[in-house]
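K.L.:
Can you build the whole structure from these sequences, using the hints too?
2 protein chains.
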Amino acid sequence: MAPPQQKNVGILAIEIYFPPTCIQQEVLEAHDGASKGKYTIGLGQDCMGFCTEVEDVISMSLTAVNSLLEKYAVDPKQVGRLEVGSETVIDKSKSIKTFLMQIFEKCGNTDIEGVDSTNACYGGTAALFNCVNWVESSSWDGRYGLVVCTDSAVYAEGPARPTGGAAAIAMLIGPNAPIVFESKIRASHMAHVYDFYKPILDSEYPVVDGKLSQTCYLMALDACYKSLCNKYEKLEGKQFSIADAAYFVFHSPYNKLVQKSFARLLFNDFLRNACSIDKSAKEKLAPFLSLSGDESYQSRDLEKTSQQVAKPFYNEKVQPTTLIPKQVGNMYTASLYAAFASLLHNKHNTLAGQRVMLFSYGSGSTATMFSLKLNEGQHPFSLSNIASAMNVAEKLKSRHELVPEKFVEIMQLMEHRYGAKDFVTSKDCSLLAPGTYYLTEVDSKYRRFYAKKASENGLVNGH
Amino acid sequence: MAPPQQKNVGILAIEIYFPPTCIQQEVLEAHDGASKGKYTIGLGQDCMGFCTEVEDVISMSLTAVNSLLEKYAVDPKQVGRLEVGSETVIDKSKSIKTFLMQIFEKCGNTDIEGVDSTNACYGGTAALFNCVNWVESSSWDGRYGLVVCTDSAVYAEGPARPTGGAAAIAMLIGPNAPIVFESKIRASHMAHVYDFYKPILDSEYPVVDGKLSQTCYLMALDACYKSLCNKYEKLEGKQFSIADAAYFVFHSPYNKLVQKSFARLLFNDFLRNACSIDKSAKEKLAPFLSLSGDESYQSRDLEKTSQQVAKPFYNEKVQPTTLIPKQVGNMYTASLYAAFASLLHNKHNTLAGQRVMLFSYGSGSTATMFSLKLNEGQHPFSLSNIASAMNVAEKLKSRHELVPEKFVEIMQLMEHRYGAKDFVTSKDCSLLAPGTYYLTEVDSKYRRFYAKKASENGLVNGH
Chain A
1367 MAPPQQKNVG ILAIEIYFPP TCIQQEVLEA HDGASKGKYT IGLGQDCMGF CTEVEDVISM
1427 SLTAVNSLLE KYAVDPKQVG RLEVGSETVI DKSKSIKTFL MQIFEKCGNT DIEGVDSTNA
1487 CYGGTAALFN CVNWVESSSW DGRYGLVVCT DSAVYAEGPA RPTGGAAAIA MLIGPNAPIV
1547 FESKIRASHM AHVYDFYKPI LDSEYPVVDG KLSQTCYLMA LDACYKSLCN KYEKLEGKQF
1607 SIADAAYFVF HSPYNKLVQK SFARLLFNDF LRNACSIDKS AKEKLAPFLS LSGDESYQSR
1667 DLEKTSQQVA KPFYNEKVQP TTLIPKQVGN MYTASLYAAF ASLLHNKHNT LAGQRVMLFS
1727 YGSGSTATMF SLKLNEGQHP FSLSNIASAM NVAEKLKSRH ELVPEKFVEI MQLMEHRYGA
1787 KDFVTSKDCS LLAPGTYYLT EVDSKYRRFY AKKASENGLV NGH
Chain B
1367 MAPPQQKNVG ILAIEIYFPP TCIQQEVLEA HDGASKGKYT IGLGQDCMGF CTEVEDVISM
1427 SLTAVNSLLE KYAVDPKQVG RLEVGSETVI DKSKSIKTFL MQIFEKCGNT DIEGVDSTNA
1487 CYGGTAALFN CVNWVESSSW DGRYGLVVCT DSAVYAEGPA RPTGGAAAIA MLIGPNAPIV
1547 FESKIRASHM AHVYDFYKPI LDSEYPVVDG KLSQTCYLMA LDACYKSLCN KYEKLEGKQF
1607 SIADAAYFVF HSPYNKLVQK SFARLLFNDF LRNACSIDKS AKEKLAPFLS LSGDESYQSR
1667 DLEKTSQQVA KPFYNEKVQP TTLIPKQVGN MYTASLYAAF ASLLHNKHNT LAGQRVMLFS
1727 YGSGSTATMF SLKLNEGQHP FSLSNIASAM NVAEKLKSRH ELVPEKFVEI MQLMEHRYGA
1787 KDFVTSKDCS LLAPGTYYLT EVDSKYRRFY AKKASENGLV NGH
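Chains as they are written, first to last, in this note's numbering: chain A, 1367 to 1829; chain B, 1367 to 1829.
Bear in mind the hints are in silico, worked out from the structure with no lab data behind them. Do not rely on the hints blindly, as some may be mistaken.
For chains that are exact copies, the list does not tell them apart, and a pair is met inside one copy or across any two.
[To be verified] With a straight-line Cα cutoff of 30 Å, these simulated DSS-like cross-link-like pairs (lysine-lysine) come out:
(1) Lys1811 - Lys1458
(2) Lys1458 - Lys1577
(3) Lys1443 - Lys1592
(4) Lys1793 - Lys1677
(5) Lys1373 - Lys1739
(6) Lys1622 - Lys1793
(7) Lys1626 - Lys1458
(8) Lys1600 - Lys1670
(9) Lys1604 - Lys1592
P.N.:
Structure below.
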């Protein structure tokens, strides 16, 4: 007989890193000559983080991994799998994971499975599922898994530019976790579409069809939700509705889409005649009952009405997840988990026993809706300690707001540097927190070199 | 109590596709003005396959997946996971997996997990492990997994050019397989090195340090083998040696490296005083006992002597795995599995009950040595049926040998087309086998369009 699977496999710990450099959306809006509220209300965004020339997806992930290991006193030898999700390509062959091996090699641990998972903003979710499956598989060797989501989202000058952002998130995976995967409550929708893609290989900027991408996102959301509801009903013998989860966490390109998405779930509940929809809501949504699927994605009236009906539920079930995505912007693969980190930050002391639904979307397209069940856990792997160790409020507060002229200048330099060789950076790490890794040089063979700003205890460690 | 894991999870079926266009290494050697035997004996290669302008990694993988589903009468709805390993980047965000979704979407199946795994030639192995773990995990929904390795290896004019190749392999994954993973007999070595990488984003060609890459490969091989031997000894209470596996299958950039690699395992056995080394071998290898690790990678005498000692074992345990890699060339992620397919082709009727060791290497670097245990299986998922369905001899025989001038012309066109938009191909599929997918157009928005050559039964199906 095969051995039983490990129990309660999930996320033991989370660390988040985002650059200390940011720009207020209100300020950018004025600088760009956009109509007042276009970025702040239209997109629903407050602020945008970005990498300067000393940071990139590799340095951010080095920082996040190193910080997680230190904060939780995890011996690097105790990691048996390390996977990265990213869509920020610095090298088309060498994985970001191999850069992170520097942290483990120096401790003599090179026996670590896993590489990079890639598909737009979904790669981190694929890496996370892979890591959880590993712990549940016969290949598991008793050590921790580690999942890293790292991305820098930058756009060409124009209407998409305010939807940038940058962050890295590291998650420690193992059994007996406070954040457990309900692996049967999960549905995916994957399809061949060209909504957002990166075919211009020597440019960091994507090709985006904004309207198509939003529709693809909402269609994938509908498909996942319908499939998940069907699976839940077969499994539990009762209907699923938004009442069956305490919180809903969405991949957040910009907050307005999250608002629309949650309203869309409510509209789905209405169409399915679910118990989450009361009499008054039914009356308000009744005029939209006859819309075809296509029409429903185009109807401004439906969008407005469903968001209005959803508002009190949104405030309760979604708003606590929006802090970091609104403050940092789109972090691509890290975006969904930054939203989840926001929830832990805001609600860690009331989350035990609760179900949280997550929706991951990557253009191209790949999408999964999945369920997590939370328990308080055991120190150091407890919800309260995760919230405290992430230290989100302090990280947000200690950021430096740059003026638009400086932001534009940095974007120009980064554009020039993308794919380039043979340069040294300013090595100016004055704005970086102690313990942060930064880029020092790309040599004539395109090899990248990083250093680490001294920790508060004075230790320095370069690579 | 958690449910037990699925048993005998592994590979149920394999399909291999390589382009019908190739060039003899002997002919290329003469054309390039290289010394006689440089490619054929020096590299150990016979022939090289390559894509013409109507084929790429997407068309090859569409062909391999479609062909596998057809040959084994697998309903596309019965696939619950699809993963791709590749290092040939056509888009930096949109995965190859999403292109393959076209086959499944038309059958109404979009609930298929998995994306692309990337790290040089290792991505396919990562995808394979992920898929096996999925079947063993609590997330498994009873459906098949599907792993695809697809790559086109092309090099700039010069000494590396004859080490190209191209292929796609599809593997069906599930329980009760004829090719079973011995998941505890597995060891990895991952490190941060710059031996082969692709930092020049608008070029298909890699940056390669040939000598360093070979040393990194052999060092990773040593590290994996040592670690695997240790794990085996703890598990089985006895020493592991090359006598404990019937066959050894290597990632094959070129055959000469496979010869060196197997000799290296034998040298490891000698250093460990393993039972595979007889008195005469001990005497021949004794002079090298005192070499340091570094010296041992540089010593030509050791290389020559260990290969001489290893020759009879090589002929027995490795030679049957070399057919396709020698005939098609380096297929990057598909290379290791093309070697394994060669073994199934050559030895399928004597493989039941045997153990086969595989060594996967991806520059950057990532490497794993792992063990498969074979049984005859049940039709259609039997070793003999897999060998028959792959039809390797016929596929090799029906290829078209092109002259060097034509090969160079095609390489120039492909170089020009890499990353380009707004062109139509010749749509000339006269050399392609019935049922093969091919590229017809890349439009002004970089969107790629494919068609399928009519099957022998006359059915056509474009995308």
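K.L.:
Provide an ascending list of the numbers of those earlier hints which the structure does not satisfy.
P.N.:
Numbers 4, 6, 8, in rising order.
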